[in-house]
Amino acid sequence: MTREVVLVDAVRTPFGKAGSLYSETRADDLVVRAMRGLLDRNPTLDPSSIDDVAIAAATQIGDQGLTIGRTAALLAGLPRTVPGYAIDRMCAGAMTAVTTTGSAIGFGAYEAVIAGGVEHMGRHPMGEGVDPNPRFLAEKIVDTEALIMGATAENLHDRFPHLTRARSDAYAANSQAKTAAAYERGIIQRDLIPVAVRSTDLGWAMATVDEPPRPGTTVEVLAALRAPFRANGRVTAGNAAGLNDGATAALLTSADFAKANGLTAKARLVTFAFAGVEPEIMGYGPVPSTIKALAKAELSIKDIGLIEINEAFAIQVLAFLDHFGIEDLDPMVNPYGGAIAVGHPLASTGVRLMLNLAQGFSEHPDVRYGITTMCIGLGMGGTVVWENPNWTGTVGTR
Amino acid sequence: MSTSVEKANPTEVVTKCLRRDIDLSLFGYEGKLALLTLDNGLDYNRPNTFGLQSLNLLSNVLDEVGNDASVDAVAITGKPYILAAGADLSGISLVRNREQAIGVSKLGHDVFRKLGELGKPTFGFINGLALGGGLEVALHCDFRTIATSATVALPEVFLGLIPGWGGAYLLPRLIGPEAAVQVIITNALNSNKMLSGADALNLGVADAAFSPADFLENSALFAAQILSGKKTINREDHTSNPAVWDRAIAAGTAAASKKYGGTKIASPTRALELIAGARTSTRDEGFSAEDQALADLVMTDELRASLYAFNLIQKKSKKVEGSPKPSLARKVTSVGVVGAGLMASQLALLFVRRLKVPVVMTDIDQLRVDTGVAYVRAEIVKLVDKGRITQDLANRLTDLVSGSIDPQVFADCDFVIEAVFEEMGVKQKLFTQLETIISPECVLATNTSSLLVEDMSKHLSHPERVVGFHFFNPVALMPLLEVARTQFTNDESVATAVAVGKELKKTMIIVKDAPGFVVNRLLSIFWGEITDAADEGTPFDIADNALAPLGLPMTPFALFGLVGPGVALHVSQILHKTLGDRFSVSPNMKSIVDAGIKTFYLRDDSGKIIPNPAAFSLIKQGDKASSAEQVRERALVALAKEARLMLDEGVVSTPDEIDLCMMLGAGWPLRLGGILPYLDSSGISEKATGQRFHSKGIASLPA
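Read top to bottom, the protein sequences are chains A and B. Heads up: the first sequence begins at 0 in numbering that gives the first Met the number 0, then just goes up one per residue. Heads up: the second sequence begins at 0 in numbering that gives the first Met the number 0, then just goes up one per residue.
By construction, these hints were calculated from the structure, which means they are not laboratory data. Idealized CB from N, CA, C, for every residue including glycine. A couple of the hints might just be wrong.
[Claimed, not checked] Stretches of chain B that chain A covers, calculated by requiring three or more beta carbons in the stretch to come under 8 angstroms of a beta carbon on chain A:
no., stretch
1, 16-26
2, 31-44
3, 200-214
Model the full structure from these sequences, guided by the hints.
Given below as structure tokens:
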């Protein structure tokens, strides 16, 4: 890259269960709230110096449509001179918002951007309004099951028979435990922007914590859950992320801009890559995207001290860890838990991974490099490589 | 909760008080805030109100949170856009005696004051509209935040009440007597002016103001900062300096006196007494004084008339009585204005500004046309200068206005209104000529103030498209529009006229075609009696001020000067001719008009109003002087008789419409209920016509 690009800050709303916490809250209001919270936290940033606002949503309909990056900018009270646009790469929307705008900074076109995502799966269920081309099936371009994410996760279990349901459940229980511990230590709360939520029947309340986590979840409880996607299946509601509502927002700038404006970097963008895989095993995506990204960064997996990987399904994380020879319960992988506990409001999650990684970087100055990675519908993976600005060491790894 | 009001209002729209507790730890305070939401379950068009049931529900929740040891503080807010619009006024009509009135007032105090005496910090989160009791509920709290988009006011004095649920006592002690007089008296009397969130913050009504985008979040943060001691609010003690209070009361008294032409009106007087007393009273004394004042006012015909009038205006501004189906209205994409004089130019300005369609004006010569178009364009520039419209909109509007001496320009118009000289022959000729130019569907409207519309249209090939469309001066400000239909006028034309009137943002009544419609007919009969009395020998100032106790916006002769003596005389002559001798034509008026004198009163160098010697030198009076009381009675009797006649003739179908017209077309006060409730309660109606206009209890105390 021609210039250094840094993640200055990232925040999110508490995540809700679809049809519950945010059932009367609009998606655009959620992302506006995240953006305003981000600006409140960075008072030295002159909002008029923001070059662009890229907001992702997987279902760009209604309150997630109308070029949400622009509508959110206007609703958030940003100067009208600040433009905005909408991004879609399904689950990796916010990640793509960061890589795309980050690239523009690296290229030298931009100095400061807001990148984020929102998904209100209660208002916009997965697959709302989709119209798959009949050729997909007629010409067997993809299998029908490729459009059902749970089925692709089952397919991944088929591909790697040694990654059993028991290992998935153990991973899931550990994710819940790590999230509970992180809440206990007040780590997660640091990046939550409270949201006033209204219920017609109950009145106003305040969303201040994630709704999905189930602290105290045991493997015994998980083992008893039904697998809805197929007979004798291994994927359950307990070892997968749920249907969630939430929004995220990140502030990225050039390193020079951050310095000049009294902003500090939480992470430096090293490089990134996206890669495609067979849509039927979409959860395998992070493997090739990480291989690709590490090659560009001229790093090996051994140089990576912290991994934030999305937990769309436990099996998809296990497949990744298995490939790279990392233990299932390695403490440097999702140290604060992941989507199985806090939820996965599709297009918003990419930035949640980054804010978790930034927390990890600040807690682990011994770590130089980390990655955020996630699988993406229709068979893709995305990986972003970050460098820890707090790194105190002199050599490359932990 | 004990109360002397046994019977709840069966039609009360109950505002619930919903409670949810908020963990403030994310806001930096380890504790719990009970957040109460006032919500009547309806959308923002129907604001929350406090009736008896609503107050009792709030009371229960306040007791509950007060006794809940897990709650550290309490905040009260409202459903989206609304905190509350105050007391449930519909309940007041059910109050039959003073004891009940005291009960209603006391109940409000008993409930609201819990917020100030809960033993834990309380916060009013003013998220939107907060009027009267809606603001008072927040004033009882220890702290207040306000959304910058909020609108707040204490409009009680505007309605003939006083802020009687703590407002008159708490506000002056909170923000000082001068600011309190501004809110309670001056603003209320100034067409019920309201405060924005920023105004409320500046006056000290609120302690912090936040954007509506995250108002509750920032309010919760504010509460956490207060609770943790990170933020403190220093309150000034306003009670120590009596001179400031005297000055404030004097200013309020002067404002009220000016508004009512020197007549002492009960509600501002009582409100000022309460404000004055607040300096030294205890809470109990202050609240009890409010109870007494409120009960006194509630038990007057005047207040009941005022509430009737207020509701009437609200109701009729939304729905046009007797209007044909809106779907019958034809689209108006181009408007013609015949005439380019001052009235026509004002009409052109209003039409172009509100309809944003091409408006073309014509007149008999190019100079007049150019003057008229130039007037409209200059007014558009003024609107930009005042910041009322953008330059872009001004460019658009300027482009839409044009003029011509050739009436062929009306060929494409869907709506043509004439504002030419008030002379039947002129108008008949004009309409006949226009028919050869315009399409058969084009609505032909006349702004006539006294002529029969039917006489202008009966000779036409398409008399069904002719409507009366009568505005009041100044056209942009006066809210009333009289829409008159003749026996020929069809529903499509009336619907189109009403649709246009709605876009012009006017409150309309549909009247049967009759000379002078409603407002000018009543004003003329009433003027006639005043001028008759003066002509007979009553001193002019006695005749002119005879109606002072009514608190009308201006005296008859002052109004005469405003309308223009020529116009007023002309109207009286037409009505005399068409409606009969009871509409008199004053010989003195005629001699003044003939002499070209424009006004009875002048302003001297100091701005004081003095008689115009040129006018008074021409006056010849008889030797039969009447007292002010006699003049008043004959004027009111004439009004009552004429109003009854108009109802009998079906000019309008209800007395309500007459009241509405007098309030919105002539600016007569709410306190009189327009006029008919006053004629009823003063006994004039029965004396003059043998019956009341409104049954007892409608716009007066119940029987």
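Worksheet item: What hint numbers does the structure not satisfy?
Response: The structure breaks none of the hints.
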